[in-house]
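Colleague: Listed here are the chains, written in short residue letters.
Protein chains: 4
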Amino acid sequence: MAKKNIKILSTSINKKTSELMDAINTSIDIDSRLFNQDIKVTKAHALALNKLKILTNQELIKIQKGLDIIVKRHMDKKIKFSRENEDIHMNIESLLHSIIGETASKIHTGRSRNDQVATDTRLWVLESCKNLKNQIKLMMKVIIKQSKSNQSNIIPGFTHLQVAQPVTLAHHLMAYFEMFKRDLSQLEFVEQMTNENPLGSAALAGSNYNLDTKLLNKELGFSKSKTNSLDAVSDRDFCVYFLQSLSMVSLHLGKMSSELILWSSNLFNLFDISKNYSTGSSIMPQKRNPDSLELIRGKTNIIRNQSSSLLNVLSNLPLTYFKDFQEDKKMIFDSYDDLKLCIDVMTEVLKESSFNADNGLKICEDNFASATDLADYLVLEKNISFRDSYKIIASIVNYAQLNKKNMNQLSLGELKRFNHTIDHNIFQYIDIRNSVTRKKTPMSTNPKKVIEAIKNAEKFLKK
Amino acid sequence: MAKKNIKILSTSINKKTSELMDAINTSIDIDSRLFNQDIKVTKAHALALNKLKILTNQELIKIQKGLDIIVKRHMDKKIKFSRENEDIHMNIESLLHSIIGETASKIHTGRSRNDQVATDTRLWVLESCKNLKNQIKLMMKVIIKQSKSNQSNIIPGFTHLQVAQPVTLAHHLMAYFEMFKRDLSQLEFVEQMTNENPLGSAALAGSNYNLDTKLLNKELGFSKSKTNSLDAVSDRDFCVYFLQSLSMVSLHLGKMSSELILWSSNLFNLFDISKNYSTGSSIMPQKRNPDSLELIRGKTNIIRNQSSSLLNVLSNLPLTYFKDFQEDKKMIFDSYDDLKLCIDVMTEVLKESSFNADNGLKICEDNFASATDLADYLVLEKNISFRDSYKIIASIVNYAQLNKKNMNQLSLGELKRFNHTIDHNIFQYIDIRNSVTRKKTPMSTNPKKVIEAIKNAEKFLKK
Amino acid sequence: MAKKNIKILSTSINKKTSELMDAINTSIDIDSRLFNQDIKVTKAHALALNKLKILTNQELIKIQKGLDIIVKRHMDKKIKFSRENEDIHMNIESLLHSIIGETASKIHTGRSRNDQVATDTRLWVLESCKNLKNQIKLMMKVIIKQSKSNQSNIIPGFTHLQVAQPVTLAHHLMAYFEMFKRDLSQLEFVEQMTNENPLGSAALAGSNYNLDTKLLNKELGFSKSKTNSLDAVSDRDFCVYFLQSLSMVSLHLGKMSSELILWSSNLFNLFDISKNYSTGSSIMPQKRNPDSLELIRGKTNIIRNQSSSLLNVLSNLPLTYFKDFQEDKKMIFDSYDDLKLCIDVMTEVLKESSFNADNGLKICEDNFASATDLADYLVLEKNISFRDSYKIIASIVNYAQLNKKNMNQLSLGELKRFNHTIDHNIFQYIDIRNSVTRKKTPMSTNPKKVIEAIKNAEKFLKK
Amino acid sequence: MAKKNIKILSTSINKKTSELMDAINTSIDIDSRLFNQDIKVTKAHALALNKLKILTNQELIKIQKGLDIIVKRHMDKKIKFSRENEDIHMNIESLLHSIIGETASKIHTGRSRNDQVATDTRLWVLESCKNLKNQIKLMMKVIIKQSKSNQSNIIPGFTHLQVAQPVTLAHHLMAYFEMFKRDLSQLEFVEQMTNENPLGSAALAGSNYNLDTKLLNKELGFSKSKTNSLDAVSDRDFCVYFLQSLSMVSLHLGKMSSELILWSSNLFNLFDISKNYSTGSSIMPQKRNPDSLELIRGKTNIIRNQSSSLLNVLSNLPLTYFKDFQEDKKMIFDSYDDLKLCIDVMTEVLKESSFNADNGLKICEDNFASATDLADYLVLEKNISFRDSYKIIASIVNYAQLNKKNMNQLSLGELKRFNHTIDHNIFQYIDIRNSVTRKKTPMSTNPKKVIEAIKNAEKFLKK
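Top to bottom, those sequences are chains A, B, C and D.
Take the position in the first sequence, starting the count at 1, then add 27; the result is the number in the numbering used here.
Take the position in the second sequence, starting the count at 1, then add 27; the result is the number in the numbering used here.
Take the position in the third sequence, starting the count at 1, then add 27; the result is the number in the numbering used here.
Take the position in the fourth sequence, starting the count at 1, then add 27; the result is the number in the numbering used here.
It is worth saying that the hints were derived from the structure and are not from the lab.
You may find that some hints are simply not true.
Treat identical chains as interchangeable: a pair holds within one or across any two.
Said to hold, decoys possible - Cut-off 25 Å, straight-line C-alpha distance, at most; resulting in silico cross-link-like pairs (BS3-like, lysine-lysine):
(1) 245 - 92
(2) 378 - 486
(3) 418 - 89
(4) 208 - 241
Here the structure is a predicted model, which is why all the values come from computation and not from measurement.
Generate coordinates for the entire structure from the input sequences, incorporating the hints supplied.
Modeller: What follows is the structure, encoded as structure tokens:
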């Protein structure tokens, strides 16, 4: 009965809608996820109506109890939402009607589905930002932990995928810490932009009832109301901000997974992915495939494009509400779920896997990673101009490559052939381990500086 | 038992995988949709193995019967796929094992999941192209039907959303026919590019068994095999082509829905959307909202960006297979489902709604839609240069606007004030209905030409 | 001479590069735009080298004067950058060399093009954010001005492009003010994220010289240094944030232009676009096309996709620097230029055009915009339930439509036929002008509330 | 004089347009590139007007000669297009007017800028497709040449970036041949869809003059006319098809450049990029950076998103022409130029660089690339089930890894420990070189099959 009434109410003009129309129009399969938010919003609205005497105290209590019963049933998985009631708002209202009767009809006074759904969605985004921040922080803790275990381990720093200069593994890992730290800042920006309450806007022009917006904000945890009702019901910018921030987390997860896949390759061999997060081949027994990381990369490559798809939906529409907006929810829900899964998997992969630091040092030695240091040696100790020094070292590198030797396999005699002033001190500069300690700036790979950076990172996470 | 064996086989290195790994790695929830394709591919492969004597005739029959049992059970909804068996291929193989025992193990000889999934997916895309083409043709038939009912009805043709020149409604509708016709061509292009059989490529380097590729092609309806096995297992271009063609159908559906939403607006009032495909407002009794069209627009605005997301997944990867590719399926399945729904809804909306041609004519009259014709009148009948004629007519339009009259409400006297040569003939040119018949080219809005175009369109659809 | 030296220095390995390589590799045509930033950064670096005694006081002065000469010549348009010197950094260094000789070579000590270009680009983004904020604020002032001129003018508020409820034009325009206010917040977020100094990072591992990063920050106006050198040289997130914020400004400009194009249509006739910003048709004298707005819409539809293209470039790359990053600059420069032009044009369009408020009121009357108010009338004054009231009003609306009358053309007698309790008071509710004053919430269209909102908006802009 | 007249003609309503309006509205800086096309189209139109007696023979000749003079001057770089005349069409008409006087005015009879620009752009796209196909074929020839030089050279085939099975370098390179072959097919599809002549459509409703469309098609090389004038002036689908095909070429170039960058890394060392297409580091003498390939990757990552940006411009617009369409040209011109450059650079990189096949074989040996073959050995020669065989080989691989040996460094005694039936034949299977010859299917890496494929490829290019 209740259901039918509500159905008539909401779509009064059309006598019947076709099955196809139901298929495209119904959103309950997706927006049922806003159940908690919608209950919360409805309770707050009931309080505001009570303050205006539109609901008596008795009616208020009736509604509150009715909603509590619905929550209880929902937790007990006893509610099957009805597609006939289109969306979560009408489903809850209809359920309330079936429980408390006609009083339920009063709850929609002074509001509209337009401001209701905008408010529900904002509450969901706020909660999801908080969740994501927490998960990202857990991942950052694992990054710190791995960094602390690898403070003195040396790996090649790459530019253009070429071995460039030695860096510590800790320094390299902490670069990712910085990226995720930026993501936390962006999520805070999203929260700030989402933290505005549309209630009071009704369908588009504002409510005919003088709802206490301060009460509504306090009940729902908003710090302020929207300033303009037309904007309030049509503004989905906060959903774009949300997806934009997810794009950036995706960028960073994608970068990290790409790098670890590369490092998992036989030829890099810098990363031993946990057996729990890799798979073997059904026909090639020697292989260990970093499937988990590839799936993170694949998924984040999709997520990072979602803000662009949502912009497609929102663009070029005049004010105010259009049904097109219904499509925002699937996008933010799916992107959130996928990204959260990716963060959680990455956290575990980082926790359970290990790095082959030994090979890192070997790669540096095999690939002349201290060549820049040698150029500096001639400049600093032998007063040779950088340009000349650069040429001398380039010749030594060529010679070593031709003779299939590393720098530290060359004798002083061999080295002197390229410049007679070269002396024993050069071996200090050839030694890969000295390269990192020679760095001076606060952001450098010098282990002392990295230890400092790690300490600050730990402090940051404790905040 | 069988399941466990297969599980061990496929991921031999890792002893256990975590729940999180299962969550991100398992694809069965999505690729179970390839059930029919995978059965078909496995049957064809069994024939090829039999021809090579790897399967005896008895074994072949055993496998065929086993697969038939699986199909039967699946139709009876008695199969619950197991997430432990990761994907549809291993699920089917495991089921087969549980039915026919050890012989099932032989079926994977000479192939790999890499070529198997590529083949399944190609079969799915081929079938989906065919389905989409059929649905689009049904929609095109409705467009023809509406065109035939509106061959002499006149509406304003717009440029820049300004009333420009009168056109027939049929002519306007047939412009959409042209768009969808292009979509059919693009879908045919997709079919052509998808119609290549990867079987025989095995994991990446080709099969050690001399599988009869002609037999495999014949069984599966492919016109040829892939030429290069490395390409065969990593090529997902056909999925991009598929999504690119869906982008274009989306573009056209989005255009049509945008236009019909505009025409449904009180201020255009050119389209009366069927009550079955619109909704009322919960608080505004006078409204009729074209929700179905807005949802088509919203959904197509998302679908049209999917090829770009898939390109994100595929780009910048070296050869050959990566697990990232697993993400392609959700995208093509979801996009197909959503687009098919949009086409079907649009077909019904067009079928069940009606156009307000009367208002179309009125808009033309109220907005000087025959002004170009008047300029032509002076050029053709009075030998005035187009430039001068243009200025004279512009002055008449200004005068009429100031006096809140339509062109056909001006007297000959009033008209003569702007140029004394103007005579009674001018009313022939003022008459909106004559404007369309004055057009000469085959693609023009001249009703005779449009009738011709509709005939050709009908012939095209009968092909 | 200098040029040749520098060229040899920078690309030491390759003896010659082909013309094609120059064509794809050279960036000077684009990054010459960073001239001012690069000079500033080089001066700051010189100070830091002087503090470390790497540059004597004399050398410092020589370099400073040399750079000043370059700036002067550049302002006098006497510099033609050389494509052989690839980029702006090497061009300036080469010019410096040709002016002050060998001392110029010392300037590159302790830094690298990797940290240099990152710093230059950050300075450019910071300046561009500031410029955009200023231009947006100018546009917002015009919005306020138009709002103040239209505080009591009534237009239809639309949902689903259907006339829904009357709102004031000021209220409608101020909805856009809110959007652009959000854009200012996002640009501030971009500034915050960009305000980190990469200098001291050198190529990737940090500088061997203990550069005074506080001095460098102070000289360049950064509030802090980057924390991690590997991150510093590879981080282009700030460019994405910049483009993401441009996406949102684009979204809002696109919305506004779409709406004004619609309002310029003969059938809406709510906006008279300035003749300076529209064009006529070459063959249709009656038309006035809002070309400027269409171009804003077209351009912003492209700009809003640029963050997605930049993400394509940055994604899936391991650390640290790759030449791919060179592509970021064209994107941010072009998007900035195009968007700035769009903002400026929109500002002028809004300033020079006028709204047809009279027609706004007429549309409301013709389309039953006060129907919701009538439903409220029966609820509030006649104690009829909303559901029943809704049905009664729907019947009245139907009756009026059939009889081609507006609500205010119905007699009391006619109205009473639908419900006998209806009395004279109903005409208070029918009157469109009363609808807006009946709204109560702070964000509503009630003119008193809107005046308050405008005051706050003016205060905001004065900050 | 002429200029001014034309200016008045085209924008009759507005007396002056502002500088800002010129800045956003003028397209001549971009569409001057359609000079040749516009001349060609104008000449064809003149012929059609002559056939209709609208132009006398004398007038026709006058116009033709006038246009020839303009072409001559343009080739001599003596024409400076005027921004006041907005676009290429009006510039040419104005120039013609200044040369031949009033007769020039007749040329615009029966057409409109709407059909003119659509026709010009189609001609440009057709020519550009042809150019791209030619450049791609040149690149494919180089791929064949490199393949022929590397028919027996063995490299590791990778899946998941793990060494999987040995393949020949020729086979690997020919996989790219397949990709580019698909691109040729797609470009042919684009040509087919672009090959429709809009002339005769005039502004939107068709021409009042019975232009001979067959003549127009013949003169311009179109195989047919557009069927519907409303569609003809608003259809920019061919531009999207064009950009979609560019996306795919970009995907393939991006894949190839990514792979070659990886192969250029010290750790893969499979590709020695030509010194002409790489750069050194300004501070690291040992490095050789594949900048050219990184720039190809960067640029193609941008190009592949352009169809999505163009779809943004075109979507959700009702019929017919909007000024938004003006934005299509910059996108197709820039994307074409950038892509052409990328193809040309890739062609040269492939031509001038060399592969380190020796290292390819070594990688295979060091990483157990023949493990699958060993599993087959036990199955085929020792009748052990694949599952058991797989386990035995996995154990041998583990043993070898622990003892830091390759497979071919294990003694028969060591091997027998894992299964006593193993005999000398196993070394046939261990030998990497035998792995490829064991493959049987036509698309496999078996050198005989690859030679066949190369022959077919050569035949294909000769067509």
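Colleague: Now look at each hint and say whether the structure bears it out.
Modeller: Consistency of the hints with the structure:
1. 245 - 92: Within one copy, since 21 Å is at most 25 Å while 61 Å is not.
2. 378 - 486: within (20 Å within a copy, 52 Å between copies)
3. 418 - 89: neither (87 Å within a copy, 27 Å between copies)
4. 208 - 241: Between. Shortest inter-copy distance 22 Å satisfies the 25 Å Cα cut-off; intra-copy 33 Å does not.
The earlier numbered hint that this structure contradicts is number 3, and it is the only one.
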